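Trainee: Given these sequences and hints, build the entire structure.
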Amino acid sequence: MAHIALKTKRERSHKPHFTPLGEELINDIQQVHPFPVALLGAAGCGKTQVALEVIKRRGKLGEMEMIGCHPGLDIIDTIGGWQSKADEAGRPIMSWVDGPLTRAARMGYSLLVDEITRLNQQHVGRIMGVTDETRTLTLTENGGEKIKVHRDFAIIATANPPSAGYNVVNLDEALKSRMMVYTFITEPLCDEEATVEDILGGDTAYTKAFMNWADDMRKDQLTYVSTRDLCYLAKMVGRGFDAMKAIKLNFRDKIAVEKRSTIMTSASAHFEV
Amino acid sequence: MKIWKSPKDETRDHMNFLQHLAGSRQVDVTPSGTQGKFDTSVEASSSSLYIKKASGRVPFNASLLTAGQVKFGAHGMSARVRGKMDRNMRAKGSTPMASCQVYDNVYAILENKRAARKAADHFGRPKILSDHLKEVEKSSKEQHQYGYKTTLRNAGKDDTYEVDWNEFRAYVYGAKTLRDIKDPIIEDLVRRNRDTVIGASDTLNPTTTILAALKIASNFWVTEETGGGIGTVPKPPDGEKGEDAIPPEGLTTEPLGEDEASDLEDAIVADTTDDVTSESINKSDFDKDRTVAGIDPLEKGSSFDDVVNDFVDTSEQIKSASALNGRCDGKVNENHRISSFTPSVRLQVELSDTRDVAGKMLGNSGQRVSRNVWKLSAFGDTNVFDKHPYTSSDMIVLADCSSSMGGMWRKRAAEISTAVKERFPDANLYGFRSNRGQSYNADLIPFGKAEYPHCDGSTPLCGAMKGLESLHNLSEASVLIITDGAVNQCYNNALDRDAVDCCKSRASAWRSKGVRFATIYIGYGVRYEPLPVELSVRIEPYDEICSEDVNKVFQFFGR
Chain Y
1 MAHIALKTKR
11 ERSHKPHFTP
21 LGEELINDIQ
31 QVHPFPVALL
41 GAAGCGKTQV
51 ALEVIKRRGK
61 LGEMEMIGCH
71 PGLDIIDTIG
81 GWQSKADEAG
91 RPIMSWVDGP
101 LTRAARMGYS
111 LLVDEITRLN
121 QQHVGRIMGV
131 TDETRTLTLT
141 ENGGEKIKVH
151 RDFAIIATAN
161 PPSAGYNVVN
171 LDEALKSRMM
181 VYTFITEPLC
191 DEEATVEDIL
201 GGDTAYTKAF
211 MNWADDMRKD
221 QLTYVSTRDL
231 CYLAKMVGRG
241 FDAMKAIKLN
251 FRDKIAVEKR
261 STIMTSASAH
271 FEV
Chain R
1001 MKIWKSPKDE
1011 TRDHMNFLQH
1021 LAGSRQVDVT
1031 PSGTQGKFDT
1041 SVEASSSSLY
1051 IKKASGRVPF
1061 NASLLTAGQV
1071 KFGAHGMSAR
1081 VRGKMDRNMR
1091 AKGSTPMASC
1101 QVYDNVYAIL
1111 ENKRAARKAA
1121 DHFGRPKILS
1131 DHLKEVEKSS
1141 KEQHQYGYKT
1151 TLRNAGKDDT
1161 YEVDWNEFRA
1171 YVYGAKTLRD
1181 IKDPIIEDLV
1191 RRNRDTVIGA
1201 SDTLNPTTTI
1211 LAALKIASNF
1221 WVTEETGGGI
1231 GTVPKPPDGE
1241 KGEDAIPPEG
1251 LTTEPLGEDE
1261 ASDLEDAIVA
1271 DTTDDVTSES
1281 INKSDFDKDR
1291 TVAGIDPLEK
1301 GSSFDDVVND
1311 FVDTSEQIKS
1321 ASALNGRCDG
1331 KVNENHRISS
1341 FTPSVRLQVE
1351 LSDTRDVAGK
1361 MLGNSGQRVS
1371 RNVWKLSAFG
1381 DTNVFDKHPY
1391 TSSDMIVLAD
1401 CSSSMGGMWR
1411 KRAAEISTAV
1421 KERFPDANLY
1431 GFRSNRGQSY
1441 NADLIPFGKA
1451 EYPHCDGSTP
1461 LCGAMKGLES
1471 LHNLSEASVL
1481 IITDGAVNQC
1491 YNNALDRDAV
1501 DCCKSRASAW
1511 RSKGVRFATI
1521 YIGYGVRYEP
1531 LPVELSVRIE
1541 PYDEICSEDV
1551 NKVFQFFGR
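Residue numbers (my numbering), protein chains in the order written: chain Y, 1 to 273; chain R, 1001 to 1559.
No lab work stands behind these hints: they were computed from the structure.
A few of these clues could be false.
Here are the simulated DSS-like cross-link-like pairs (lysine-lysine), alpha carbons at most 30 Å apart as the crow flies [claimed, not checked]: (1) 1005(R) with 254(Y); (2) 259(Y) with 1552(R); (3) 235(Y) with 56(Y); (4) 60(Y) with 235(Y); (5) 208(Y) with 60(Y); (6) 219(Y) with 1084(R); (7) 146(Y) with 1375(R); (8) 1138(R) with 245(Y); (9) 1118(R) with 208(Y); (10) 1182(R) with 1138(R); (11) 1008(R) with 219(Y).
Quick caveat, the model's predicted, so the values are computed rather than measured.
Mentor: Below, the structure written as structure tokens:
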């Protein structure tokens, strides 16, 4: 399938297109600012896009801090710590450097906490202090410095969902209770068709082929194609890749071996017309 | 779900693509009996999809036509409607044996045409539909029987009638007019339901075909089956078929008044659609499975059309989620016979070698030194070791103790599990095998270092996995599964569920909770069914455990 109707980069809107559900969620989050928010959904469903859009509409995109959570995260990665620097004479001196949480709390930035369900308890304890009514962050590591949290400081947390069959999230109940919005996302928040069409410069035939291929792939969780993957594939096609090659490079090897030929057969059906 | 042998060209793996679209239903292909490559059809039972297609190599578009017919057919909902219709007819009169056959054939023909239309649109290949229409028309003219000839039998009566559904199909596909139809039953069905048939012939809406089949079957039941028997049809209204209309030979005239028949027919259609709608909205089992699948319940005021469309969109997701709520289970059995075993000298050497390599990162028990280590020398405080995040979560070894694991393979499994326990004393070792009472329930047998449970029974991996959920906090856990092949059929509502699918659904659910998987397959691995694993080690039947295998397993648990 030849892609012929590509718009120039300047002609494209470069705007995320949200579904009515996505727009509603963005408005809801804006309405509860600066209270903490947690969005739980499958990878690539548009949680982070929604979080970024909220911050963008607030005009604060340049003042955003972000923490990518994982079990091995050290306290220095969130709160900050003492680090050695060279003074003017080149001698090593120790100085305190704020971490993203401290910086955001001090300056009134928005903090995007990605994958919060993977956060260790030591970090959770610190976040609880800044999200409850006390709005205080004590830096024991920095001589007990007490920071009064800025009134514009806001946390937007995202995480992958507890899987089907599990009703409990590995998130501290106390932290959960501090979230003013705590919601599960079960469908894409971005209007995939509009986004892909925009990326492809309004090529409706190619967009339809992508959407129908994604529909086939979503018959099975093992071959599920996320919104992010779909957008990446469209971008690759927009950059001149053949759709088959884009799928081979981007998606094929992310999937279990026994399902790869299914993906490629479906891709051939939709794109090699 | 069956995994078919893939061809060399991975862009032409039709059977696995077909099976993927069919979901949990088994695809069963039979030759159609015609030469037409595009003359395909799909019929369904509760657990299988029967595909009639030309034998031998077929063009790619013909395979996609079948794929579309599989993807877009609303056979599951149709089966539910047929079941309710059958019940309502029994409640109102006689057993609807022939009417159910009428329903099946009418639905299959209408649905295959609708699905072909959808397939052409879905794959962006209009030729799929044009070739399909052309070939069915050709096949109808050549009088291929195409497997549509059925014998209608009246329940409780001796009369039977052979019906050539090929004529109905020819009418639906525009290859024949009403005048050309020779079969009196088909002619009568079409004449009395002409608007319904025409309306359903060109639709894309699955509800229309289901309703058409329901109306035609109800009409048949009211006017023929409950009357004087098949062949006892109302006389055609004057001028309906033209002046030269010849009443079919041997048929008698109507037993029911037209108004009476029409009321009864409408009542069956309305009762059936109401039953299906209210069951879909109110049935608590559906709600539970919907919740697990993350789908909102149907709204109270939903119509039959809403219910059918919802079914088409969500049934596979719901079915997959319901697999997680199966009856199978796993319980700890501490009374099972466990025998001790002496690790081979070779394994002891491997262990001493690997300990030094991995021990640089973690202590012998998976601990690491914390930043409070200065307290050890200053205050003599020994509480200065942290669990590394990877080893602080549960480490579980699930070892297959089915009868096929006896002999050498048992020894290999024992050596690996002992190595893990030696290196990570906090690891939990469980053997699993079927419970003697029910083959789908698993016994989980805890065992220790240099031990292995006695091997007997079958391999209920799904039940064992389910049992682990209640025993451990699986969040972030690492699970090593040692087995010699595929899981056994669990016979747990076997019509709907496949044991391998159950395991895959559960494994997929675990993985999204952060559970890490590794598998060790020992033996020939002919029935090898992969789980979504991070590490997969194959040990050939006569190979010893080597340091590479042990290292891989240690790295999986301790990194």
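Trainee: Each hint needs a verdict: does it hold in this structure or not?
Mentor: Checked hints:
no.: 1; hint: 1005(R) with 254(Y); verdict: holds, 21 Å
no.: 2; hint: 259(Y) with 1552(R); verdict: holds, 25 Å
no.: 3; hint: 235(Y) with 56(Y); verdict: holds, 22 Å
no.: 4; hint: 60(Y) with 235(Y); verdict: holds, 27 Å
no.: 5; hint: 208(Y) with 60(Y); verdict: violated, 35 Å
no.: 6; hint: 219(Y) with 1084(R); verdict: holds, 28 Å
no.: 7; hint: 146(Y) with 1375(R); verdict: holds, 27 Å
no.: 8; hint: 1138(R) with 245(Y); verdict: violated, 39 Å
no.: 9; hint: 1118(R) with 208(Y); verdict: holds, 14 Å
no.: 10; hint: 1182(R) with 1138(R); verdict: holds, 18 Å
no.: 11; hint: 1008(R) with 219(Y); verdict: holds, 24 Å
When each numbered hint is compared with the structure, violations occur for hints 5, 8.
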